Amino acid sequence: MPDPGLTLDGVVIQRDGRVLVDISDHVAAGEVLTVMGPSGSGKSTLLSYIIGTLDGGFDAQGRVVLNDTDITDLAPEQRHVGILFQDELLFPHLSVGENLAFGLRASVKGRVARRQQIDTALEDIGLPGFADRDPETLSGGQKARVALMRMLLSGPKALLLDEPFSRLDTERRDQIRALVFDQARAKGLPVLLVTHDHADADAAGGRVHRLG
Amino acid sequence: MLGPVAAGVLGTLAPAFGYMPALGGDGLTLNAFEMLFDWPGITRASTLSITTGLAATALSLLLVALICAAWSGSRAFRIIERMLSPLLSVPHAAAAFGLAFLIAPSGWIARATSPWLTGWDRPPDLLILQDPYGLSLIAGLVVKEVPFLLLMTLAALSQIRSQQARDTALALGYSPVTAWFKTVFPRVYAQIRLPVFAVLAFSMTVVDVSLILGPTTPTTLSVQILKWMNDPDLSMRFLASAAAVWQLMLVVGALLLWRLVESAVARLGRRWVASGARGGATRVVQTVSIAAAALSASAIVFGIFGLLVWSFAGFWSFPDLLPGVFTFKTWMRHAMNLWPIIIETLLIASVATLVAMLLTLACLEAEERHGIRPGSRALWLLYVPLIVPQIAFLTGLQTLAIFTGIDGNRSAVIAVHIIFVLPYVFLSLADPFRAWDARYGHVARALGAGCDGVLWRVRLPMLLRPILTAAAVGFAVSIGQYLPTLLAGAGRVQTLTTEAVALASGGDRRVISVYALSQTALALLPFAFALFIPAIVWRNRKGLRHA
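Read top to bottom, the protein sequences are chains A and B. Here the first sequence stands for residues 5 to 216, numbered as in our numbering. Here the second sequence stands for residues 746 to 1292, numbered as in our numbering.
For reference, chain A alone in the conformation it holds in the complex:
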């Protein structure tokens, strides 16, 4: 029976014999699971494990299954799991448009077609004509929107959020938060949000898993 969504099957991550993360859960398509815990509780470690960039110093076991495919042993670039960090991490050597092009799937062929899709994407996030801008000249909220769009253009099948709203001021935060959750719901993506901010959890509206 096909079971779309992100499944964490007995994931346990330890460091020096101390258990940091112990979670088994299923996030259905379009659902948001919030993982809460104080800093240092291993929230980000869990996300590293899911995207496949966990440092060798950790001892991890358990399976990660995405839409019925076991992705635990795949290379990070083959997992199709998108991630947003607290910092936007726009590549500083690329323009805004090139950043989006970096994300845009290679299956979109042709310079014109790719350029068109990027222009449309910029309009969708309210930044028309920003393609040639230096990302460093953007405001915090604008950067956050570009980072979100860059990830969405890569066609992810799940969304991981590592406290992505904590750097924004209150007003922007609500706006960006709504944008992210709306997009995820519209595309039917399972979302895993880690945060220490209750407001984030409330806005997400889904179940909450506590760590630490």
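Think of the hints as simulated: they come from the structure by calculation, not from any bench. Bear in mind that the values here come from a model prediction, so they are computed numbers and not experimental data. Check each hint, because a few of them may be wrong.
[Stated by the list, open to error] List time: in silico DSBU-like cross-link candidates among lysine-lysine, alpha-carbon distance up to 35 Å:
id	chain 1	residue 1	chain 2	residue 2
1	B	K972	B	K1074
2	A	K113	B	K1287
3	A	K161	B	K1287
[To be verified] Among chain B residues calculated to face chain A with C-beta under 8 Å, some are:
id	residue
4	Q875
5	G1116
6	P1119
7	G1120
8	V1188
9	A1191
10	L1192
11	G1195
12	V1203
13	M1207
14	R1210
15	N1285
16	K1287
17	G1288
18	L1289
Backbone N, C-alpha and C define an ideal beta-carbon position, used for all residues, glycine too.
Since chain A is already given, all that's left is putting chain B on it; use the hints.
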């Protein structure tokens, strides 16, 4: 890195004990050593090697410590920091020539003070250059080693959060200099110990600077070894090898002595820290250290400026401050000879730097991909070619090369240059490479880029500036190599450095200046590139302006 050094040392050891079948030596004897200790200059040459080495190292370290203690965090310190790279890149030989032309009896200092102060109306008959105690040699070494040690200290300071420790001590009522020496210096020293060892070994065994500034009768041991090496009588090679082994033993002895003094100073230092004494002659240390730093930097700057004036000088009589006539004659006359040498020098430096850069990037990237955390032992490995005296293993390498027939061409020179360029390129690039925010890589991977994609499309472009800077350092190191070029090239490969130093004995200041200036320009050029290329390529990228 160990391979060539070990092979070289072996190649030195064997003939030292009489084993060199090609020259009829096939037994183990101590004849060569007996010859060495019968040589009348041996005591004097050995003593000189030890005293100049220890004095130059101690003075450089003291000066660097005083500058940091008195000035770190200030505006003056940032100016000093900015001057470091260009000062560092000036080749040893060029700096030594510049200094020589300043302090010689007919040099700029004498000219500036004559006759109104000194009463001289012709150059005095004083043995300032090549003085028997090696004082001018020590001065020449100090002006070049201070920038190197300072750079190493700056890197160490940024790693240990020195500002916090010092501020804490200040809040406890310590004066700034005392606070720095009591809280920061012990930890900094632990980090710069290897560079200090490298400076000591280098200063004891340097050849090119010693040929220009060092005493002549006798010379320092390393210069004498080179003379024996180049003796047409091949049996002198046994003697040269024995002397190289003796030189190596002297260096090991000096390093051990340094270690002993280190622990004695540490014990006294602990007592001083525990005493709780808070005062300190802050003003005095500030004045003395900035004056010494200015003196050391201006020795190089005015030295180079002096070379410039000499290279364009027509008739220049004593005690005139400037030549009566400026002319392009010297440059014109040597342009034809200069070009092929410049091309050769550039070629060798470019290939050596390129290879060293590729090896460095491969090492650092492998470290990253396989999660290797190199320990302090790996660092020792990098420093081996910098601490084992060049004269000790290069003589051996040359001996091996001659009998395998691979000496005397450009590839041999390049191969030997890589041994010395690689550590510097690695040390310059490792910190910025490792400090790069790995999350950029994670984001790129999550967006579908593979390992290689991350490296070529994200990491290397973002690290453009440090990569070019490291390349410039490697380039300057290659340009400055004297002994490796001379020995691996068997005297047949000519670079600006070998030619400039060869001119030293002739004493034609105009020609020397032309060669030394060309050498300096070649070494400085890549630093200019490292500054301007990123500024142009990333002119619209604010986020990379200070990367």
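Can you list which hints this structure breaks, lowest number first? 4, 6, 7 and 14
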